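Enquirer: Model the placement of chain Y on the given structure of chain A, informed by the hints.
Chains as they are written, first to last, in this note's numbering: chain A, 43 to 284; chain Y, 329 to 1195.
These aren't lab readings, by the way, just hints derived from the structure by calculation.
Bear in mind the structure is a predicted one, so any value in this text is a computation, not a measurement.
Heads up, a few of these hints could be off.
Unchecked claim - Computed list of lysine to any residue pairs in SDA-like fashion (alpha-carbon distance at most 20 angstroms, straight line):
id	chain 1	residue 1	chain 2	residue 2
1	A	161	Y	1105
2	Y	1093	A	256
3	Y	1182	A	103
Unchecked claim - Sample of chain Y residues lacking proximity to chain A, with all beta carbon distances greater than 12 angstroms (derived):
id	residue
4	558
5	768
6	815
7	819
8	848
9	932
10	977
11	1103
12	1145
To be verified - Here are some chain A residues pointing at chain Y (derived, C-beta under 10 angstroms):
id	residue
13	103
14	110
15	129
16	134
17	140
18	158
19	159
20	162
21	208
Each residue gets a CB set at the ideal place from its N, CA and C atoms; glycine is no exception.
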Amino acid sequence: MSNNKIIRFENLKKGFPEGNRIRHVLNGVSIGFDEGKFTALLGPSGSGKSTLLNLACGIEEPDAGDVYIKDVAITQLTDHDRTLFRRDNIGFIFQFFNLIPTLTVLENIILPQELAGKKRRDIESAAIELLDKVGLADRRDTFPDRLSGGEQQRVAICRALAHDPWLVLADEPTGNLDSKTGVIVMDLLLKLTSEAGKTLIMATHSPQVVTLADRVFRVQSSTLVEDVEHVPAARPQFIEDA
Amino acid sequence: MIEPTSTSLWPLLMTSMRRATRRPFQYVLFVLGVALGVAMMVSVDLANGSATKAFQLSTDAITGRATHRLVSGPGGIDQELYVQLRRELGYTNSAPLVDGYVNIPEFGDQPFRLFGVDPFAEPPFRSYLGGVGAGDGGPGQFNPNALTTFLSEPNSLFVLSSLAAENGIPLGGEITLDRAGEMTTVTIAGLLDPQDESNQRALSGIVFADISTAQEILRMQGKLTTIDLIIEDEADQAAIEAILPDGVRLENTAASSNAIQQMTAAFELNLTALSLLALLVGMFLIYNTVTFSVVQRRPMFAILRCLGVTGGQLFQLILVEAVILSLLGSLIGLVLGVILGRSLIVLITQTINSFYFVVNVRSVIVDPWSLGKGVFFGVAAALIASFFPALEAYRTTPGSGLRRSTLESKVEGLLPKLFGAWIILCAIGAGLLALPGRNLIVAFAGLFAILIGFALVTPPVTVTLMNWAVRPMNALFGAIGRMAPRDITRSLSRTSVAIAALMTAVSVIVGVSIMIGSFRGTVVQWLDQTLQADIFISPTSATANRVEGSLNPEVVSALTEWEGVTASSTARVVQVFSPQFDRPITVAGVNGDVSQGQRPYAWLPDGWDHDDVWNALATGDGVILSEPLVLREELSYPPEPITLETNQGAVDFPVVAVMYDYSSDQGMIWMGSDNYQAKWNDTEISTIALFIDENGNPDDMVDDMRRTFAGRQDLVINSNRSLRETSIDIFDQTFAITSALRLLATIVAFIGVLSALMSLQLERKRELGVLRATGMTLRQMWQLSFLETGLMGLVAGLIAIPTGFVLAWVLIYVINVRSFGWTLQMDLQPAYFLQALAVALVAALLAAIYPSFKLGQMIIASAIRSD
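Same shape as in the complex, but just chain A:
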């Protein structure tokens, strides 16, 4: 495999115990991802899409194989170093938003940076700017439980981007939203990541989203198979007021 890929999986294996046997979700996956591109991962539920994303950001460890990000084998790092690496380089968007309920919208967004020791006054304005871009600047002091699902996911997108990571991982970000809200959220995510030239890897079920991806992979029989016939569609007009 070419070493110029920004993210590389090398012979990655991962299984989960089910009763007395192990169910192998990924069995020797070797693949690379390009910088600044949007890659979609397709596959039925339980096929291993989320596991792949979890392995990519180091919140799960493989049974075998390695994950290289910018030539750093994150699978070889200690838990502490992996956490720091993730904090500095990766933004993660979950299907269920997963905002911290005891923090306000703004506090949720700046949390990764605060954890990294940055002063609030130094990071607040950029976060508010991001909030403004997703149309939630006036809700910055609101707690998550007062927001709708779509609003919560927009905040989650801001949180994933606020510390300016070059890699964004999204695990079915619209899976828990109605279709209309899903489109709005997806537009925002694509706009913000592509504008900033970030690498985006997204697990999704949505055929519409897949059409927009630069590359598409299917998780099949515990391996990744690229849809070589895939041609990215033109991106729709982004919502102006988002």
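Expert: Just chain Y now, kept in the frame of chain A:
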């Protein structure tokens, strides 16, 4: 019409059992909460019961079938009265007895009762002499040779076979009897081998001698302690009463034994109340665990409701779970209670022997009633604590997926009501405490009402304090500091219960510490004021705090004439019957005051001073009462004359003062020694206090005296300093049991906090997973855990300070006065409050270690997946 169908809980219980195997920790905590609460209750109950039972058994063994007995004052009954009874009245249902306490170094530290009997008069009363074996006749076989030896050989003794065997003394072997420091070597002439266990137990604290041997050892030549009687009709009673000389009275054996046991009632009730506190703290723990288990299962309950399970069945399910788990917890608690009871019995016996009566307790008697009570209270506590969570389960509707957030908003709505409940419960508590009279149970009910009130106000106070804490915590610790107080508020239904449990335990520590500290301070001051003599001498005693026996007259004269001794003061301390109070009271006949005028008085007649009081004592014009006697007997001021049974019959003694006294909660009376000797015809001296030349060195003099009297009479010779130290040691020993119970209550609370944290972190697993995924390091997560628990501990400590103060106030000014009749000066020291904060903080922080460790092991991805 739809017929109601019979329903079974079994399928629901199956789900519970599966859950228990998957999440055993929560159930373990429930069981532990019950087990510890029950263990404390049972241990105190068993220890109290064992002491009472031991006393009862020994009393029963001694009383036998006697219905009445003749008793007299300290000088004893002239044995001629016995002769008169038998010869003149022909009353054969009578047996003479001489008894007193001795130490037997070969048999360990506990005091033994030396019981002098006439074997020929015994059969109608007691049968144990029929079971005397000599080692060759086999157990339980009467051996006439042993009885012959017993009667014909002086200084022969019968002891329990197992007691001799335990201590390696064979039949015919010698042991030493130490009576007030005077040693007598005696031979074991026979071994008693009763076949039933209760007699075995009863006789384990008694040794038997022929009456003349006992008279000699106890220095009661020609005297008897009692004459036992079996009186079957009133005519016999009247005939006996007609020949009684002054100072001898006929008493009912059952009534007198009961009166003695009543002495320890308040002491035992105090211990029981303290043990119930542990159960109360345990209830918080149970409530927390059950609430958690209900909230966690709400989605499943909603599904079950859709499938046709009724709310009532869910209610039953929770209560049945509570019963099963509490039964398991209670059984473990019983085992722990028996083990713990073995330690407590030593402490309780020490206190009873020091302050009340002599009892020899060799083992914990496992009373099925105590065990049953423990199980009942364990299950009842669990059911009460589970009731509200069960109600939550009952209210589950098929459509509701009521989650934590709903519960939390309910708790939020409850906050003003909880504040109101605090005010109402405190008012009820204060009302109960203000009720006139000396009822201790009412006082404890008031105390518990206040304590529960403070526990209920914990959630609103926590919310207020946490709101205040956000800003400074943010400034100090950044985002994590901001999250910690908010996390506590957000999970108030769980955190506040844990805080309340910890607060209750810590407030008990504060309250009891202030009470003990104040008590200690008061006693130290009282000792400083009253003990002004330089050297104090008394005979060795079977117990730490009371004087048995008397000093040899030669020893007394040698001491008073000792070179360098400028003055002396003697006291004869005895038990005298008061017909007015229908119980014995300690009377001290004294010939001077060891306080040299510094003694504090609770009451003096108008215009009187110390000298007036002691002049009145010296001339026989009055007596001094101790404050506990006045309070215990609810005497008014100025007290009316006190009636005591003397050798001249019942005599009224005018009262000239009431003194503070902390040596006995049963009350005491002081009178001039001449007055005492004249009324009881007793010239013995129990203790002597010496004042020495100002150039003399008391320690050197004490050493000289010890050397001089070695081999004559074993004396307790103390300098002023060492007597104070000894007194404080006895005080500390008395409160050792309280410290043990305090520690146990704290352990229960600690487990409560641990349980709450484990539950919380289990609930927040996903949230914490997200935090880890978004860049929170393991160290930061530990920091968050510790900040949260630290804050919880801090809040518990802060609320425990006023609660502990109120508790101390009630203990000092109400409970203590009603229980023991002592006036104490409250001594508030910052250390008590700092200790509260420290204990709460440390307990909470320690409780965070295991949950944090577990979190450290979590797989972030699966935590995020978890629901």
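Enquirer: All hints, please: hold or fail.
Expert: Right, here's what the structure says about each hint:
Restraint check: the Cα-Cα separation between residue 161 of chain A and residue 1105 of chain Y comes to about 18 angstroms, which is no more than 20 angstroms; the hinted pair holds. The suggested pairing of residue 1093 of chain Y with residue 256 of chain A is violated, with an alpha-carbon distance near 35 angstroms, which exceeds 20 angstroms. For the hint linking residue 1182 of chain Y to residue 103 of chain A, the alpha-carbon distance of about 18 angstroms falls within 20 angstroms, and the restraint holds. Listed as a non-interface residue, residue 558 of chain Y keeps its Cβ farther than 12 angstroms from every Cβ of chain A; the least gap is roughly 79 angstroms.
The non-interface label for residue 768 of chain Y is consistent with chain A: the shortest C-beta to C-beta separation is roughly 47 angstroms, beyond 12 angstroms. Separation of residue 815 of chain Y from chain A is inadequate, the least Cβ-Cβ distance of about 5 angstroms not exceeding the 12 angstroms criterion. Under the 12 angstroms C-beta cut-off, the non-interface status given to residue 819 of chain Y relative to chain A is violated; the minimum distance is some 9 angstroms. No Cβ of chain A comes within 12 angstroms of the Cβ of residue 848 of chain Y; the nearest lies about 46 angstroms off, and the non-interface call holds.
Non-interface call for residue 932 of chain Y relative to chain A: holds, since the shortest CB-CB distance, roughly 66 angstroms, exceeds 12 angstroms. At roughly 82 angstroms from the closest C-beta of chain A, the C-beta of residue 977 of chain Y stays outside 12 angstroms, upholding its exclusion from the interface. With a closest Cβ-Cβ approach of about 3 angstroms to chain A, residue 1103 of chain Y is found to fall inside the 12 angstroms limit, against its non-interface label. The beta carbon of residue 1145 of chain Y sits about 49 angstroms from the closest Cβ of chain A, which is more than 12 angstroms, so the claim that it is off the interface holds.
Of the supplied interface hints, the one on residue 103 of chain A holds, with its beta-carbon coming within about 8 angstroms of a beta-carbon of chain Y, less than 10 angstroms. For the restraint placing residue 110 of chain A at the interface with chain Y, the shortest Cβ-Cβ distance is roughly 19 angstroms, beyond the 10 angstroms limit, so the hint is violated. Hint status for residue 129 of chain A: holds, given a least beta-carbon distance of 3 angstroms to chain Y, under 10 angstroms. Proximity of residue 134 of chain A to chain Y holds as hinted, the smallest CB-CB distance being about 6 angstroms (cut-off 10 angstroms).
Taking 10 angstroms as the C-beta contact cut-off toward chain Y, the hint placing residue 140 of chain A at the interface holds, the least distance being around 4 angstroms. With 10 angstroms as the threshold, the beta carbon of residue 158 of chain A comes within range of chain Y, its nearest partner Cβ sitting at about 7 angstroms, so the hint holds. The beta carbon of residue 159 of chain A comes within 8 angstroms of a beta carbon in chain Y, closer than 10 angstroms, and the hint placing it at the interface holds. Interface hint status for residue 162 of chain A: upheld, as the beta-carbon distance to the closest one in chain Y is roughly 8 angstroms, under 10 angstroms.
At about 15 angstroms, the closest approach between the beta carbon of residue 208 of chain A and any beta carbon in chain Y exceeds 10 angstroms, and the interface hint on this residue is violated.
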